[in-house]
Each structure stands twice: as C-alpha cells, then as structure tokens.
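Enquirer: Place chain D with the ligands on chain A using the hints.
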Amino acid sequence: MTVAGITVGVALILVLLSLVAGIDAQVKSSIRSLGGADITVYNATITGARQSFFLGSSATLNESMVSDIAGLPNVYAVSPQSTEVVEVNSILAPIWGIDPGTFDIVSGGLNLVGGREIAQNDTYVAVLGKGLQQLFNASLNDQVSLQGRPPFNSNNYNLAVMGVYETGVAVTDRGLYVPIGIVQNLTESQGRVTSILVKVDNPNNVEAVSSEISGLFPDVRVVTASTIATQASQLLNTLTVFFGALGVVALVAGSFGVINTMLISVVERTKEIGTLKAIGASELTVLKMFIFEAVILGCLGAVVGVAIGSASSFILSELSFRLLPTAGRLPARISPVLTPVNVAVSLILGVASGVLAGLYPAWRAARMKPVEALRHG
Amino acid sequence: MVENIVETVNLSKVYKRKNVEIVALNDVNLQIPKAQIICINGPSGSGKTTLLNIIGGVDRPTRGKVTVDNVDITRLGESQITRFRLEKIGFIFQFHNLFPTLTAFENIELPLILSKKPKETREKRVSDLLEIVGMKERADHKPDELSGGEQQRIAIARALTNNPTLILADEPTGDLDSENAIAFMKLVKELNKKQGQTFLIVTHDPLVSQECDKIYAIRDGKLRE
Ligand SMILES: Nc1ncnc2c1ncn2[C@@H]1O[C@H](COP(=O)(O)OP(=O)(O)OP(=O)(O)O)[C@@H](O)[C@H]1O
Ligand SMILES: [Mg+2]
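Which chain is which? The protein sequence lines are A and D, in order. 377 is the number that the working numbering gives the last residue of the first sequence; the numbers go up by one with no jumps. 602 is the number that the working numbering gives the last residue of the second sequence; the numbers go up by one with no jumps.
Isolated chain A (complex conformation):
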C-alpha cells in the first residue's frame, strides 16, 4: 500500500508520544508516591524481577533498618513497604503492603475517592485502586480473595474493601494497598521489606541524609525524587531518539511512497490533464486538484497510523502491567498514555508529510503542456 510508510511513521510517533506521556505520568506518580517522602531505600544488588524469579521474595531489606534510619539526625519519619504481584479474585495485580502508622506521614497518604485508608489496628483489609474496583464492581465492605503465587505459599486471604484510591496511572490503579504483614506472610518474608520510605525534616537535608544512609548500608540503593527525575529524563532521551528516528525515517520513506504513487498517477492521467487544460483549466486549478488528492492520501495514512499507534500503545501498557516486575521503581513500569494532544500531533504530522510529498507531483501536473499531454495517446 502506498501510504503504508506514512501509516507506520504516524504509528511510531504516536507510540513515542504516548510513552513519553506515560513516563511523565510515572515520574509524577513516583514522586507523588514518595509524597513528602524524600528518599526511598531499595536493595542495590539484585533487581526485583530476578529476585522474584530465582530467590523468592523481593523483600530483602531487614526490617530493623527502619529503626536504624529513624535514629539518624534530620530524619522526620520512616515507613517500610513490601511489594509483590498476587492474584486478586484470580486476576494478577500489584500489591503494596504498608505500615498504616507511618505511611501517611511519609508519603502524604493515598488519594481516596471512596471509603477510608488502612488504620493501625486493621488486619484483613484492602484499599483498592479504582481500576481494580471497577473490574470487580466491588462496593465498600465487599470481600476480595487474595491468593499467593509460587514460589511462595498459596495461602488464601479474604480481605474487606475499606476504600478506593485513584492516582491516574493505569497500572497503579489496577493494584491494591494492604497492611504490610499480609504481603510478608504471602511472600514468606517476615522481618524483611522491599523498600523503606524516608521523610526528612527539611528539604535541604535530603542529600545529607541519603549519603548518610548510603554510608551506613553499602548494599542499598538510595533514591531521591531528583534521581528519579534524572533516570526518567535519561530514559526519555533514549526513547525519543530511538522512536523519533524510526518515525522520521518511516515518514520520509512514506512520503517517497506518496511522491512515487502520485507521479505515476500524473503520468497515467496525462491525457486527462491535457484535456482539462485544453478546455481551460488553469495551472492553479490542476495544482489544487492534485494537492487535494495528496491531502486525502495523507489523511488516510495518518488515520490508519493513529489507529495502529493507539492499539500498540494499549497493548504495550497491558504488557507492561503483565510482564514487568513490580519493584515499583523506574524504569520497571512504563505504560504508554494516549492523550488527545498526542493523537492530534501525530495526525497533523502524517497529513503534513502527505501534503509535502504531493507538492512536487502536483506541480508537475500543473506545469504539463496541454499539447504534449494531448499527443500522449
């Protein structure tokens, strides 16, 4: 197909823009999930994914670190967290185990759209992401069933839904928050946690406290909001260059496809163009006709491209949710986000490249001499 190149180019550019939007949302939500939390501590040596597959739990930080860090100067509050993927009502979902006593102080709390947060004395309760809640059509106080997965025990918990939160990030909103003990039991990692959130008394002390933690525990990775932003912008640059180059190459190739098709159609219609000019059509009229055709071709390519790009973005975000590890740090969880602006930008780019490609053939058609065109056959 002649507009395939434009289609591919538009699709790639749309995926790129969606990924950028997704990363942006992810960064914002990561920073928000740190909340006031200025520092997050992970295990540095093994990534969450490998741990889950080969060693069992990704929870490898000793819970005693919580009080060690809390004892450091300038630390305002500390909160442990354990993350895993589990089956909820037979659907895979990321789960965050939190300590109700400290979570709010450190992170600023969940953005609730219904019910309440997990309280200190709660045991078998959950706060669902809005996506998950809609999936189950669950009401407050309904029960959801939590199932452990190999290699961990296959204990089954029934949890009462206490509240519903919304972050705006699709993947996060398809997860749930529970008291940390439940995740520890499920993953057989009592006394260990996945990450530790730290809030510092004064933003100016973030760097000092994180280097202090690094010095105290050489095996951990200390992430601050600014390191997340740095990581994200590096990833963003790589992606932009990669997809951007692909998209531009495809668009250029596609434009040549359009040029080629239209030049052929100009030659094929030599006699018609000649007749049209002989009966009094001006160069401008012929030019407009062929540019109109290029606009149609461009639109066609761009619309199909947007359809394919949207579908790919959707599939990518589903895949990122199903396949990628849950150790809630970048770049583990990037899911593309489609926005109307991105769709519009890719559409316009596609149509514009179609029109640009149509200019030369249209000019050729317009400048054709009627005699030569009539003698053509």
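Please note: incorrect hints may appear among the correct ones.
Said to hold, decoys possible - Selected chain D positions facing chain A (in silico; Cβ < 10 Å):
| hint | residue |
| --- | --- |
| 1 | R460 |
| 2 | F461 |
| 3 | I466 |
| 4 | N474 |
| 5 | L491 |
| 6 | P495 |
| 7 | N540 |
| 8 | Q572 |
| 9 | Y593 |
As the list claims (entries may be wrong) - Distance condition first, Cα-Cα at most 30 Å in a straight line; then the derived DSSO-like pairs of lysine-lysine:
| hint | chain 1 | residue 1 | chain 2 | residue 2 |
| --- | --- | --- | --- | --- |
| 10 | A | K288 | D | K599 |
| 11 | D | K591 | D | K519 |
| 12 | A | K288 | D | K563 |
What the hints assert, rightly or not - Pulled from the structure, derived: some chain A residues nowhere near chain D, Cβ distances all over 10 Å:
| hint | residue |
| --- | --- |
| 13 | T227 |
| 14 | T240 |
| 15 | E272 |
| 16 | T275 |
| 17 | P370 |
Quick caveat, the hints were computed from the structure, so don't treat them as lab data. Beta carbons: idealized from backbone N, C-alpha and C, even for Gly.
Expert: Just chain D with the ligands, lined up with the frame of chain A:
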C-alpha cells in the same frame, strides 16, 4: 467586408530534434470568416493537428501571427491564454476525451465550473445543452455506458458550454460509423445555422467535407485551397 474570426499570417511551426528540423507548418495564411464551417484535410503528418492546436491556444507557433476574434493570441501570457481557451474556444477531440469517472452531465458542467458560474446557471445551461444534442435522458450516465456516437454528442455539448466563438474539431468522426457521422454533421449544421457558431474541422471523412462551406488541404505544412 466579411469579418474574419481567425486570421493567420505566415504561421510556421518548426520542431528541432537533435540536428533534424521538422517543418510542421510552413508560412500558413488562413482566413476564416464568421459563422462558416471550414474543413481541412491532408495526409498524416502534414501538420493538421499542429495548426488546430496553435489556433486553439494549446500550442505556440515558431513564427507568425494568429488573430482570433481580433486578439493576437501569440502575445498572450500563460494565464491569459488559459482564459482564452476557456471562453473563446470549444475543443472536440477524435476520442472525445470525456472524463470516465464523471457523468454526462458533470462532463458538460466542467467548463462552467472552471469559469466559476453559480450552480443554478450551470444546471440551466447543462440541461439546455443536453436538450440541444438530444441526450436529455442520458444525463446521469457515465461515458462508458454510452455509444461512440452518444459520447461524441456529449463532447460537442461540452465544447459548446461556454458559448465559444470558435469550435475546433480534430477528426471528430474518425471513431464513428457513417450513420453517426451523418448525425454529427447534421448537428454541426444546425448549430452553425441557429447560433452562428464557426467550425474548423480536420477530417478525411467525405461525409463531413461535403457539408463544409470551404475545404483546405495541407501538404508538408503548406496550405492550399
Ligand atoms: N512534439 C513534437 N516533436 C517533434 N515533431 C513533432 C511533434 N509534434 C508533431 N510533430 C511532427 O510534426 C508534423 C505534423 O504533425 P501533426 O500531428 O500536426 O500531423 P497531422 O496532420 O495531424 O497528422 P495525423 O493525420 O496523423 O494526425 C509530423 O511530422 C509530426 O511528426
Ligand atoms: Mg492529427
């Protein structure tokens, strides 16, 4: 004195190909009085189509002068000559050159669209023309749903659309059987009589030339009576 609608003075057209010169027209002096039917014949390659194209403003002469309706068209610029073709000239081609994707009605309407006439004017004019050429019931047919004779009648209607001063026809019956050729000439005579239209027809068909007011012959680019 009779007013001439076309006058050529020492009209010449020379094609240069590498070092060979082809003289398609050689000092042609032709006067066509208003409201006449003029025929031109001559062997293949003698320059008939070249002459027609130059008079119709689709080709330019190498030397000489062409006056149509008191305008020296060799002096017109590109956009002026486009307008000249649109307003003053009607072309009838041997293979009618109708647009296959347009209906009979739309084919006839085209010159009116090009001259930016309003819709009501266009519809009135096209249905009048369909009436004149006797094709009223076939307005919505595409060219390939019409016979050769019917297609040629639509082509005549298209040539007449903007009420041109001069109608140029290149072998208009070349693709028609004798019955349709006779019908074509009958229509030409009628238009000539009723509306005073001037026709310049290149033809080898005796059925056509016998109906003309005057016959010229061209041989090797030279015009004779
Ligand atoms: N673009 C061109 N380049 C070179 N020679 C040309 C060109 N157009 C026409 N000729 C030559 O000019 C001469 C006259 O051509 P023209 O088409 O006017 O002949 P004609 O009388 O219409 O012939 P026919 O009866 O076959 O249609 C021919 O020798 C032709 O080969
Ligand atoms: Mg000829």
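Enquirer: Provide an ascending list of the numbers of those earlier hints which the structure does not satisfy.
Expert: 6, 7, 8, 9, 10, 11, 12, 15, 16 and 17
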